[in-house]
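Number of protein chains: 2
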Amino acid sequence: MVLKGNAIVAQSGGPSPVINNSICGVIQTWFKEADFGTIYAGISGIKGILEGNIIDLKEQREEDIAGLRYTPGAGIFSCRYKVSDDDQIKLVNILKKHNIRYFFYNGGNDSMDTAHKTFLAAQDAGWDMRVIGVPKTIDNDLPFCDHSPGYGSAAKYIAATVRETGIDLESVSTKNKVTILEAMGRDAGWLTAAAALAKRFDNEAPHLIYLPEVAFSKERFLSDVEAVYKDLGYCYVVVSEGITNEKGEYCFTSGSVDAFGHMQLSGVGISLKEMVENEIGINARCNTLGTAQRSAMHFASKTDADEAYMVGAEAVHYALADKSGVMVTLERTSDAPYKCTCGEVALDLVANNEQKVPLSWITKQANYVTDEFINYARPLILGEVEVPMKDGLPDYVRLDLTKGRI
Amino acid sequence: MVLKGNAIVAQSGGPSPVINNSICGVIQTWFKEADFGTIYAGISGIKGILEGNIIDLKEQREEDIAGLRYTPGAGIFSCRYKVSDDDQIKLVNILKKHNIRYFFYNGGNDSMDTAHKTFLAAQDAGWDMRVIGVPKTIDNDLPFCDHSPGYGSAAKYIAATVRETGIDLESVSTKNKVTILEAMGRDAGWLTAAAALAKRFDNEAPHLIYLPEVAFSKERFLSDVEAVYKDLGYCYVVVSEGITNEKGEYCFTSGSVDAFGHMQLSGVGISLKEMVENEIGINARCNTLGTAQRSAMHFASKTDADEAYMVGAEAVHYALADKSGVMVTLERTSDAPYKCTCGEVALDLVANNEQKVPLSWITKQANYVTDEFINYARPLILGEVEVPMKDGLPDYVRLDLTKGRI
Numbered sequence: 020m021v022l023k024g025n026a027i028v029a030q031s032g033g034p035s036p037v038i039n040n041s042i043c044g045v046i047q048t049w050f051k052e053a054d055f056g057t058i059y060a061g062i063s064g065i066k067g068i069l070e071g072n073i074i075d076l077k078e079q080r081e082e083d084i085a086g087l088r089y090t091p092g093a094g095i096f097s098c099r100y101k102v103s104d105d106d107q108i109k110l111v112n113i114l115k116k117h118n119i120r121y122f123f124y125n126g127g128n129d130s131m132d133t134a135h136k137t138f139l140a141a142q143d144a145g146w147d148m149r150v151i152g153v154p155k156t157i158d159n160d161l162p163f164c165d166h167s168p169g170y171g172s173a174a175k176y177i178a179a180t181v182r183e184t185g186i187d188l189e190s191v192s193t194k195n196k197v198t199i200l201e202a203m204g205r206d207a208g209w210l211t212a213a214a215a216l217a218k219r220f221d222n223e224a225p226h227l228i229y230l231p232e233v234a235f236s237k238e239r240f241l242s243d244v245e246a247v248y249k250d251l252g253y254c255y256v257v258v259s260e261g262i263t264n265e266k267g268e269y270c271f272t273s274g275s276v277d278a279f280g281h282m283q284l285s286g287v288g289i290s291l292k293e294m295v296e297n298e299i300g301i302n303a304r305c306n307t308l309g310t311a312q313r314s315a316m317h318f319a320s321k322t323d324a325d326e327a328y329m330v331g332a333e334a335v336h337y338a339l340a341d342k343s344g345v346m347v348t349l350e351r352t353s354d355a356p357y358k359c360t361c362g363e364v365a366l367d368l369v370a371n372n373e374q375k376v377p378l379s380w381i382t383k384q385a386n387y388v389t390d391e392f393i394n395y396a397r398p399l400i401l402g403e404v405e406v407p408m409k410d411g412l413p414d415y416v417r418l419d420l421t422k423g424r425i
Numbered sequence: 020m021v022l023k024g025n026a027i028v029a030q031s032g033g034p035s036p037v038i039n040n041s042i043c044g045v046i047q048t049w050f051k052e053a054d055f056g057t058i059y060a061g062i063s064g065i066k067g068i069l070e071g072n073i074i075d076l077k078e079q080r081e082e083d084i085a086g087l088r089y090t091p092g093a094g095i096f097s098c099r100y101k102v103s104d105d106d107q108i109k110l111v112n113i114l115k116k117h118n119i120r121y122f123f124y125n126g127g128n129d130s131m132d133t134a135h136k137t138f139l140a141a142q143d144a145g146w147d148m149r150v151i152g153v154p155k156t157i158d159n160d161l162p163f164c165d166h167s168p169g170y171g172s173a174a175k176y177i178a179a180t181v182r183e184t185g186i187d188l189e190s191v192s193t194k195n196k197v198t199i200l201e202a203m204g205r206d207a208g209w210l211t212a213a214a215a216l217a218k219r220f221d222n223e224a225p226h227l228i229y230l231p232e233v234a235f236s237k238e239r240f241l242s243d244v245e246a247v248y249k250d251l252g253y254c255y256v257v258v259s260e261g262i263t264n265e266k267g268e269y270c271f272t273s274g275s276v277d278a279f280g281h282m283q284l285s286g287v288g289i290s291l292k293e294m295v296e297n298e299i300g301i302n303a304r305c306n307t308l309g310t311a312q313r314s315a316m317h318f319a320s321k322t323d324a325d326e327a328y329m330v331g332a333e334a335v336h337y338a339l340a341d342k343s344g345v346m347v348t349l350e351r352t353s354d355a356p357y358k359c360t361c362g363e364v365a366l367d368l369v370a371n372n373e374q375k376v377p378l379s380w381i382t383k384q385a386n387y388v389t390d391e392f393i394n395y396a397r398p399l400i401l402g403e404v405e406v407p408m409k410d411g412l413p414d415y416v417r418l419d420l421t422k423g424r425i
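Chains A and B, in that order, are what the protein sequence lines are. According to the numbering used here, the stretch in the first sequence is residues 20 to 425, in order. According to the numbering used here, the stretch in the second sequence is residues 20 to 425, in order.
Just so you know, these hints were derived from the structure itself, not from any lab. Any given hint might turn out to be false.
It does not matter which identical chain is used: a pair holds within one copy or between any two.
[Unchecked claim] Only pairs whose alpha carbons sit at most 25 angstroms apart, straight line, appear in this in silico SDA-like list of lysine to any residue:
1. Lys422 - Ile73
2. Lys51 - Ser343
3. Lys218 - Gly86
4. Lys409 - Asp325
5. Lys321 - Asp410
6. Lys409 - Thr389
7. Lys321 - Lys409
8. Lys422 - Glu189
9. Lys115 - Gly71
10. Lys23 - Leu339
11. Lys321 - Glu405
12. Lys383 - Arg397
13. Lys321 - Pro407
14. Lys321 - Glu350
15. Lys375 - Asp206
16. Lys101 - Glu296
17. Lys218 - Asp83
18. Lys422 - Thr193
19. Lys218 - Lys409
20. Lys342 - Gln47
21. Lys409 - Pro356
22. Lys194 - Tyr269
23. Lys194 - Asn372
24. Lys422 - Glu81
25. Lys321 - Leu401
26. Lys51 - Gly86
27. Lys422 - Glu223
28. Lys321 - Val416
For reference, chain A alone in the conformation it holds in the complex:
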């Protein structure tokens, strides 16, 4: 028996280029398949819901909802906020007040922790509600998933950038002889590893890749760079923002800590640039793409965008089939040709649990990735998303988040 009532969708954590494909999948599928209630958006994630910042999505223009498929950023805004015990009681009261029986939370590991707590809080309060996690993270570290929606697009952008800046380095290496690209991904090296997709043949960039999965040694790094430089006359290095020393401490931190207690990282690329200049004595450059790697919809992966939509649509199917307390996953069912379907996993198994790059996919010298990684990642970056252009730039949509406020 289908539970009658309303639904709510919200986003949390850092956006991916295709995160809005997932909420578009949720919203369009809800309006198509639920013949009761409406679907609300919690503006700025759980924090917004707690503040009563909720809108009815049926007031939005259909073309704007459809435009979420090619628009980066968090379309209904996001937050980083850890719910307290008091928050949870307050939250359930708000959900009850609006007769919300379907709760869709779109985010990464921390967000699934929030979704799980919401699931438990509703249960404790005797409020019958379906809670479904909709996965997202460019970091690709969600466990029980072949890969995470968002990863393919960020990987594609990073690989293209490494190919382009690698060709640049090679063609002007009379001056700056080393280029260092710093990639996101706190404790999992998936995005850093994606740079390897750029290499078409020996000697093409990148030459060295350092992941956070293996302790970083300054001495090994410097001798690696020197060896490549001696051989080619230049060297392209890709490094994770989250590299650690032998004791497991981050090599470079800014000292501040986020709401979930995660150390804020900064300056890895520029620190290594200075290290190369001071200790090897050759000029280096550092490229730090920063938030561009999680918002570059102008060069997103079609495969990734379609899968991000699929997990959103499937979340609604699951909820309407009375599933709850689970996150939708992606399961690879075939390698050649690449095929992927959805599965599910209990939220508590995902919450605060990270999937790292297998050590067997990292070379023995700990400075590159193996062909197993390439075979794994290649299908995820295939195809391009068509983005409407206006005045020479991508013409992204904006929902009117002041409309339909309840």
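Using the hints provided, position chain B relative to the given structure of chain A.
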């Protein structure tokens, strides 16, 4: 009477995404219109020519030459090298030896200095040779040009990145409230200013733009950021790598100097990020695109690419029409519709001479640009270059620079 002999083309300085359009224009036009001799490439600019690193371009595959139209980096490699008096004598002997009567040099201000010196050295030696400068620079600082080939593409990429990362900032401003993007352009703020093309309406990113044309004040910067943050809850800042203090000294340098005596700049973005965090007490992020902004052919401007080809083709026309000692320029002949043709200027007027953003195009508060700038820059970023894709990434060509060595 047309001077019979061979031609040579070479590239110098940092590449632009479309720099190879210009040499493609030179090479294809030469093969089409000169019914004598051949055209050589000097590998790695003047430095390569001096070392005898020269190839005959008729040995290259036609499809590879054509592929230069969508390939970033310097296709025949580049250098940063200041020629000495001894070099000039040696150079003319090499040119004579290979009966080189046409010399095409593709680069920016410093490169035009090299081209001018080559012109004078040949004249002094009584070697009759046409010398034509083919302009290129993402910095847009070549004088006597409405704009420089390369600028439109870098401007388009920066504006798209600011739009995307601006939407990202706005949608997750519960955490990092300030984003700082550091743009290239040592002493001219054209690329930094290009970020303004991203803004479609009030309050959209960017909010503050700091150019090197006006002295940077830390106090004004902090109060500007605080004012925007107070108003919106977040703030997007774009800053030139070359901002200077009241005395005209660079605010942030790495201390090293290049072959032309230019100070190497680094760390402006990260320094301002730390300033915002320490002095205002809110979290900030810094994006430093680095060499990505001069090589992002995956999102280049079609207008720019076509004009870069045009200046290359026109260089050959000029040389065959017995012009010499000049650089090809771009002249805007109409605003609506935008139209642009080629002109010429004496090399010595271009050499080491920079065109800056007019002060009248910078707001009185010195923290943004005016609509005059927008009207000037908008046509330059229109249209997209189609790049062949393979395995999910741009499939750029490579000339075989070992083939046809003379």
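Evaluated hints:
no. : hint            : in the structure
1   : Lys422 - Ile73  : within (10 angstroms within a copy, 66 angstroms between copies)
2   : Lys51 - Ser343  : within (20 angstroms within a copy, 69 angstroms between copies)
3   : Lys218 - Gly86  : between (34 angstroms within a copy, 19 angstroms between copies)
4   : Lys409 - Asp325 : both (24 angstroms within a copy, 19 angstroms between copies)
5   : Lys321 - Asp410 : both (24 angstroms within a copy, 12 angstroms between copies)
6   : Lys409 - Thr389 : between (41 angstroms within a copy, 20 angstroms between copies)
7   : Lys321 - Lys409 : both (21 angstroms within a copy, 14 angstroms between copies)
8   : Lys422 - Glu189 : between (52 angstroms within a copy, 18 angstroms between copies)
9   : Lys115 - Gly71  : within (13 angstroms within a copy, 80 angstroms between copies)
10  : Lys23 - Leu339  : within (10 angstroms within a copy, 80 angstroms between copies)
11  : Lys321 - Glu405 : both (8 angstroms within a copy, 17 angstroms between copies)
12  : Lys383 - Arg397 : within (22 angstroms within a copy, 50 angstroms between copies)
13  : Lys321 - Pro407 : both (15 angstroms within a copy, 16 angstroms between copies)
14  : Lys321 - Glu350 : within (17 angstroms within a copy, 40 angstroms between copies)
15  : Lys375 - Asp206 : within (7 angstroms within a copy, 44 angstroms between copies)
16  : Lys101 - Glu296 : between (42 angstroms within a copy, 22 angstroms between copies)
17  : Lys218 - Asp83  : between (38 angstroms within a copy, 19 angstroms between copies)
18  : Lys422 - Thr193 : between (57 angstroms within a copy, 21 angstroms between copies)
19  : Lys218 - Lys409 : between (33 angstroms within a copy, 12 angstroms between copies)
20  : Lys342 - Gln47  : within (19 angstroms within a copy, 64 angstroms between copies)
21  : Lys409 - Pro356 : between (36 angstroms within a copy, 16 angstroms between copies)
22  : Lys194 - Tyr269 : between (31 angstroms within a copy, 21 angstroms between copies)
23  : Lys194 - Asn372 : between (44 angstroms within a copy, 22 angstroms between copies)
24  : Lys422 - Glu81  : within (13 angstroms within a copy, 57 angstroms between copies)
25  : Lys321 - Leu401 : both (6 angstroms within a copy, 24 angstroms between copies)
26  : Lys51 - Gly86   : within (17 angstroms within a copy, 47 angstroms between copies)
27  : Lys422 - Glu223 : between (51 angstroms within a copy, 19 angstroms between copies)
28  : Lys321 - Val416 : both (18 angstroms within a copy, 24 angstroms between copies)
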